[in-house]
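Full structure from sequences and hints, please.
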Amino acid sequence: MRRMEGAEFDQLVDFFDQMATTNWLSQLHSHLKQQSGSWQGKAVADIGCGTGRLLLRGSTEASELTGVDLSAGMVTRANALFQEKGIAHKAKAVQGDAASLPLASGAFDIAFSTCVLFLLPDLHQGVKEMARILKPGGIAILLNPAPAMAVETARAYAQKQQFPKEETDYLLKWATVSERRHRKSTAELSDILKNWGFADVSHELVLEGLALISKAKRKSNRLLLNNKDIFPEAQ
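Residues 1 to 235 (full-length UniProt numbering) make up the sequence shown, in order.
Misleading hints may appear alongside valid ones.
Below, computed lysine to aspartate or glutamate pairings styled on EDC-like, alpha-carbon distance capped at 16 Å [stated by the list, open to error]:
1. K135 with E64
2. K90 with E61
3. K184 with E204
4. K219 with D200
5. K42 with D14
6. K128 with E188
7. K128 with D97
8. K173 with D14
9. K217 with D200
10. K219 with D191
11. K85 with E61
12. K217 with D191
13. K90 with E64
14. K85 with E64
15. K42 with E61
16. K128 with D191
17. K173 with E152
18. K92 with E64
19. K173 with E64
20. K215 with E179
21. K215 with E204
22. K215 with D200
Hints were generated in silico from the structure; no laboratory data involved.
Just so you know, these numbers come straight off a predicted model, no measurement behind them.
See the structure below:
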C-alpha cells in the first residue's frame, strides 16, 4: 500500500474543513468527544487533525491541545483557527507523520486518530506511536471505516438519511478512498491495539455500520516486545 504524502492534502484544505462541518461528521465529532470523557486539565492530541475542528470541542476544558497533520496547509489552517478562537496560548498544530509523531513520549492523557489510521500502510506503526505518546492509563479514540464501508453502501445510507447532495458527496469521497485502503474488523483492530499495550478495548459501529469507533486504554508505562523495552524514554 502506497504511503501518502502531505502535499497531496495541501490542495484539499477547504474540502476537509467543509467536510468537518457536515452534519454527519460534526455529529461524529461530538460523539467522539463524549466517548473520551472529560478533558478538564488534560493534554489532548489529535493525530491527523486536519483543520483542527475536533480539538475545539474541549478547548475550554483541556490544559493543552496538540494537533499533528501530514499536510503543511492543514497545520497552517488549524493554527489560524486556534488564533481566531483565542486558544493559541494552549493549542497548536504541528506538521508530522502519524507513523513517526514529533511528540514526546508519555505526554498526553487522550489521543484521537480520526479517519487517519486506515490510510497508513502499516497500522501497527500508527497504533504503536499512539501508545508511545500516551501516559499510562491514557485513552485512545479512533474513527475508521468499517468493512461495510463502500461507495454503494454509503450512497444507500445517504439516500435513506436524505442527505443533501453536498453531504452525500463528502461521504462518498470517504467511501471511495476506503475501498482502496484498510477496512479492518473489530477483531483485527482489537488484536492490533492489544499488541501495542492497550487494554479495555471496545468498539462501536456508527453510521449504520459504515464506520467504527474504537476506544482503548494504555495499560502500562513499559511495553516489552521480545524482552526489549519499546518506550524506554517514557516517564
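Straight-line Cα separation of K217 and D200 no greater than 16 Å?
holds, 6 Å
Under the criterion that the straight-line Cα-Cα distance not exceed 16 Å, is the pair K42, D14 satisfied?
violated, 29 Å
Would the pair K173 and E64 pass a check requiring their Cα atoms to be no farther apart than 16 Å?
violated, 32 Å
Straight-line alpha-carbon gap K128 to E188, limit 16 Å:
Between K128 and E188 the Cα gap is close to 15 Å, so the pair holds against 16 Å.
Are the Cα positions of K90 and E61 separated by 16 Å at most?
holds, 11 Å
Next pair to validate is K85 with E64; report whether the Cα-Cα distance is within 16 Å.
holds, 15 Å
Restraint status (C-alpha distance of K219 to D200 at most 16 Å):
Holds, because 9 Å separates the two Cα atoms, which is no more than 16 Å.
Take the C-alpha atoms of K90 and E64, compute the straight-line distance between them, and say whether it is at most 16 Å.
Given that 16 Å is the threshold and the Cα spacing comes to 5 Å, the pair holds.
Within 16 Å, alpha carbon to alpha carbon, are K128 and D97?
holds, 13 Å
Decide if the proposed pair is consistent with the structure: K217 and D191, CA atoms, cutoff 16 Å inclusive.
holds, 14 Å
Measure nothing beyond the straight line between the CA atoms of K219 and D191; if it is 16 Å or shorter, mark the hint as holding.
holds, 15 Å
Run the distance test for K135 versus E64: straight-line Cα separation, threshold 16 Å.
It holds: about 14 Å lies between the C-alpha atoms, which stays within 16 Å.
Comparing the model with each numbered hint stated earlier shows that hints 5, 19 and 20 do not hold.
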